[in-house]
Amino acid sequence: SQQGEEDPQALSIQEGENATMNCSYKTSINNLQWYRQNSGRGLVHLILIRSNEREKHSGRLRVTLDTSKKSSSLLITASRAADTASYFCALRGGAQKLVFGQGTRLTINP
Amino acid sequence: NAGVTQTPKFQVLKTGQSMTLQCAQDMNHNSMYWYRQDPGMGLRLIYYSASEGTTDKGEVPNGYNVSRLNKREFSLRLESAAPSQTSVYFCASSEAISGRGELFFGEGSRLTVL
Chain E
1 SQQGEEDPQA
11 LSIQEGENAT
21 MNCSYKTSIN
31 NLQWYRQNSG
41 RGLVHLILIR
51 SNEREKHSGR
61 LRVTLDTSKK
71 SSSLLITASR
81 AADTASYFCA
91 LRGGAQKLVF
101 GQGTRLTINP
Chain L
1 NAGVTQTPKF
11 QVLKTGQSMT
21 LQCAQDMNHN
31 SMYWYRQDPG
41 MGLRLIYYSA
51 SEGTTDKGEV
61 PNGYNVSRLN
71 KREFSLRLES
81 AAPSQTSVYF
91 CASSEAISGR
101 GELFFGEGSR
111 LTVL
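First to last, the sequence lines map onto chains E and L.
First residue of the first sequence: 1, per the numbering used here; consecutive thereafter.
First residue of the second sequence: 1, per the numbering used here; consecutive thereafter.
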């Protein structure tokens, strides 16, 4: 299966701390994407990293990709209450369809 | 700019009833998708349409049919609903099936089958 495996399944931290989520996969990919889903809402695209890239930044988000280890991480720095959401990695491989992981539920405590 | 619009937002069906979920996008995207989301299962692809006039099965197509009515609209039909189809359904679109492939999602349709 091309599905990403996300770790941890749930993460609870204090506001202001950094949050790190990981995604591991088994097959080769063209790109890996991260999405956020607020409770009861649709998914929103956060960032895309291509297979030939190692790191990308967008605001307080930092994504790394290690194709040798087949893993990616999403770091959210200086977390805020509004960052409380589920975060999904999604893999685009040779079949071109995007396959989503099961997600990490992030809770930011005030 | 509405993005991706899904209707209805909520629906309760009895086993055996049929219904159609509607999806429309106003971003002139070529590709559209239907996913279902179940607790602990992430999102699973039901059907997708790479371009107007084409549709293909995804990971979990059984019990569903789709129609790409035109470039804007992609509908999902349940012919004979079953309790196992209780789920949240998301429609999404992208510029193309390949390349960058960022997906834009609707707000979801919450379906309960009794």
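Simulated from the structure, these hints should not be mistaken for laboratory data.
From the three backbone atoms N, C-alpha and C, an ideal C-beta is built for every residue, glycine too.
There may be inaccurate statements among the hints.
[Said to hold, decoys possible] Here are some chain E residues pointing at chain L (derived, C-beta under 10 Å): (1) GLU6; (2) ASN31; (3) TYR35; (4) GLY40; (5) GLY42; (6) VAL44; (7) THR67; (8) LYS70; (9) SER71; (10) SER73; (11) ALA82; (12) THR84; (13) PHE88; (14) LYS97.
Against the structure, the hints:
1. GLU6: holds, 8 Å
2. ASN31: holds, 7 Å
3. TYR35: holds, 8 Å
4. GLY40: Holds. Min distance 8 Å.
5. GLY42: holds, 4 Å
6. VAL44: holds, 7 Å
7. THR67: violated, 18 Å
8. LYS70: violated, 18 Å
9. SER71: Since chain L brings no Cβ nearer than about 17 Å to SER71/E, farther than 10 Å, the hint is violated.
10. SER73: violated, 18 Å
11. ALA82: violated, 18 Å
12. THR84: It is violated, given that the least Cβ distance between THR84/E and chain L is near 18 Å, above 10 Å.
13. PHE88: With a minimum Cβ separation of about 7 Å from chain L (threshold 10 Å), the hint on PHE88/E holds.
14. LYS97: Holds - the Cβ of LYS97/E comes within 10 Å of chain L, reaching about 6 Å at its closest.
In summary, the numbered hints that this structure violates are 7, 8, 9, 10, 11, 12.
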